[in-house]
Amino acid sequence: MPTPTLPRATPNTRSDARRNRALVLAAAHRALAEGGVTVSLAEIARRAGVGAGTVYRHFPTKTALLEAVMQQRIDRLTGLAHRLRDAPDAGRAFFAFCTEVITSTHRNQAVCDMVSNDGWPRELVRDAGARFHSALDDLLIAAQRQGAVRADLTLADVLALFTGCVAIQRLTSDHELARPAALVLDSMRARPAARVTKDRNRFIPRDETPSRNETAASHCPICASPIRSTGTGRPARYCSAACRQKAHRRRRAAAPGPC
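Everything in the sequence shown is counted per the UniProt record's numbering, starting at 1 for the first residue and increasing by one.
Some hints could be false.
Said to hold, decoys possible - Cut-off 25 Å, straight-line C-alpha distance, at most; resulting in silico cross-link-like pairs (SDA-like, lysine to any residue):
#1 Lys246 x Arg234
#2 Lys62 x Asp16
#3 Lys62 x Arg21
#4 Lys246 x Cys220
No wet-lab data here; the hints were simulated from the structure.
Just so you know, these numbers come straight off a predicted model, no measurement behind them.
Could you build all of it, start to finish, from the sequences and the hints given here?
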C-alpha cells in the first residue's frame, strides 16, 4: 500500500498566508486604536475579512497579536528614522520624527499601557525597542552636530520627554501636535548664548557671562583617561570611540521603550 503524502505548500499558499497576516495586523491596529485591548479576536477577524481560524493560525493568543502589533509599530518608526538619518537639515528631520512619534503613540496608548503593566516587554518587542533607540540616537547626534538641538540632551532625556508629550497629546483628539507638546519639543532646541550683565555700581556695567569652555570635561567618564582637545568643534565627552560606544550602550540599557 503506498504511503500517503502530505500536500506541499505552494508559493501561492505562502503568498496568501502573508496577505492574510497583513490583513489581520492592519485590522488589529485599527480596532485596538478605537476600542483598546478589550477588542476580541473575532471582531478583528471580522474587520480583516477572514475567518477566526485564520487569525488563530497566525496568532494563537491575543498576547501574541498585541506583541506583533507593537513590534510592527515600533519597526515602522525605526524605518522612518533610518530614512531621515541622512537628511540635509538634521534638526528639521529630528523634530519631524519626534512629532510623528508623539502624534502616533497616543492613538495606541492602550497597547502601550498593557506593554508596561503586564510583564513586558517580551523579547520580540525588546529587540524592536533597541533598534528604535539606536535609530533615534543617530538622529539626535546628527541634529546636535548641526547645532539644532541643545548639546546636553541625552537619549534618555528625549525618551522621557516623549512620555510627557504623549500624556499631553491624549488630552486632545486632534491628530496635529498639541500646542503644549510643541512647547516641550521646543525646549530641546539649541539657544544662542545670552549675554548677562549686572550693574554692580551705578556707572560701570560688568559682563558676567560664563565661559563656554567650562562645560568641557577634562577626563573620560568611562575610563577616566585625559581627554585631548582638538581645538575645533564641540568639546569631546569621551577619550575614544570605544568609550563613547560603551556610554551609548549603558544609556540604551537604562532607557525606557518608545512607549
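Against the structure, the hints come out as follows:
| no. | hint | result |
| --- | --- | --- |
| 1 | Lys246 x Arg234 | holds, 20 Å |
| 2 | Lys62 x Asp16 | holds, 22 Å |
| 3 | Lys62 x Arg21 | holds, 14 Å |
| 4 | Lys246 x Cys220 | holds, 12 Å |
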